[in-house]
Amino acid sequence: MKDTLDILFDKARSMEPDVSRTEFGFETRLMARMRSERERNVPVFEWMWRLVPVFTAITISLGTWYYYVPDNTVDFGTAVIAQMSDPVAAIYMNGE
Amino acid sequence: MKEKIAGTFPVLARIRLGRYGNPKMGDYSEGVADERLVELVREGDEDAFSALVHRYKRKVLLTASRFVVDSYELDDVAQEIFIKVYKNIDSYRGDAPFGHWLMRIAVRTCYDLLRSRRREKGNVPIEEMDFALSGPAVVDSLSALQAKDLLDKALARLKPEERLILTLIELEGFTSKEAAGLTGWSEANVKVRSYRARQALKKLLGVKEEGKNEGYS
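The listed protein sequences correspond, in order, to chains A and B.
Each residue of the first sequence is one higher than the one before, starting from 284 at the first, in this note's numbering.
Each residue of the second sequence is one higher than the one before, starting from 47 at the first, in this note's numbering.
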């Protein structure tokens with residue numbers, strides 16, 4: 284003969300929990316959480332690898348610019364003065 | 047090193063597997079063995095992991111639902127379980143079925159949840175139960191929902207290990223041996239804890255001693 288506790292367990296067992304609400308879209312939520320956690324904990328070396336294309340693009344752009352710009356003047360002041368007429372340049376140089 | 051590179055660049059894993067451009071979870075039919083999916087997960091394939099989650103989510107959710115208070119907590123706990131599985135996938139040696147290994151993590155996580163909840167409760171006095179089951183006739187008059195609610199309230203007042211073992215054996219239907227495998231306790235320990243948990247539950251519910259059919263099962 285079953286005792287009180289066993290009958291109680293039998294009845295409770297007969298009611299399967301309803302998890303359909305949580306089940307719906309569970310994978311999507313889980314993968315999103317995993318991605319966001321991973322983004323928060325990205326190691327430095329991985330960031331370095333990720334930035335390689337950016338630095339490559341910058342290097343190529345600078346190389347192209349230096350190659351195609353006829354006057355490779357680096358000094359800003361010299362570049363400005365080169366555009367000015369002599370009297371204006373003199374005033375500029377003297378700080379008047 | 048190979049796994050590390052594949053983990054950093056999942057796209058490399060896909061190129062190597064010849065699956066680039068078609069990374070859908072549906073690629074993995076039911077015919078693909080769990081162990082093969084585990085290998086792919088180790089190589090950095092997220093879709094393989096998604097397929098594993100799809101296979102086992104119901105089982106995990108059903109077990110975890112016995113220990114949580116609402117669907118939000120259930121979602122959180124189930125996600126935590128699968129994240130642990132993902133992080134520890136390298137420690138799966140394959141000497142037991144993957145589902146069993148996963149359920150061990152699930153049970154362990156639920157046990158940790160019960161213990162942390164008990165710590166949060168601190169020294170708050172537990173109010174007296176407002177019911178008493180004087181005999182089988184009283185239980186017979188309860189509906190399944192009432193019985194479940196009553197049991198949930200009573201189980202919430204037990205010690206974490208008592209609640210865990212009663213849930214696994216009495217509600218989930220695991221044998222003592224299976225429960226021992228899931229909890230990491232010895233089979234004898236499981237039987238003793240189960241017996242003590244039943245006694246504690248009886249006391250809590252006001253059930254009087256009936257016959258001698260009580261004890262180890």
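Derived by calculation from the structure, the hints in this document are not laboratory data.
Incorrect hints may have been included.
[What the hints assert, rightly or not] Output of the computed footprint for chain A on chain B, the stretches with three or more beta carbons under 8 Å from beta carbons of chain A: (1) 97-111; (2) 125-134; (3) 213-222.
In this text the structure is predicted, and so the values were computed from the model without any measurement.
All C-beta atoms, glycine included, are put in the ideal place defined by N, C-alpha and C.
Here is what the structure says about each hint:
Residues of the segment 97-111 of chain B lying with their CB closer than 8 Å to a CB of chain A number 7, which satisfies the three-residue condition for coverage. Check on the segment 125-134 of chain B: 4 of its residues sit with their Cβ under 8 Å from a Cβ of chain A, so the three-residue criterion for coverage holds. With a threshold of 8 Å between beta carbons, the proposed coverage of the segment 213-222 of chain B by chain A holds, since 3 of its residues qualify and at least three are required.
Checked against the numbered hints given earlier, the structure satisfies every one of them.
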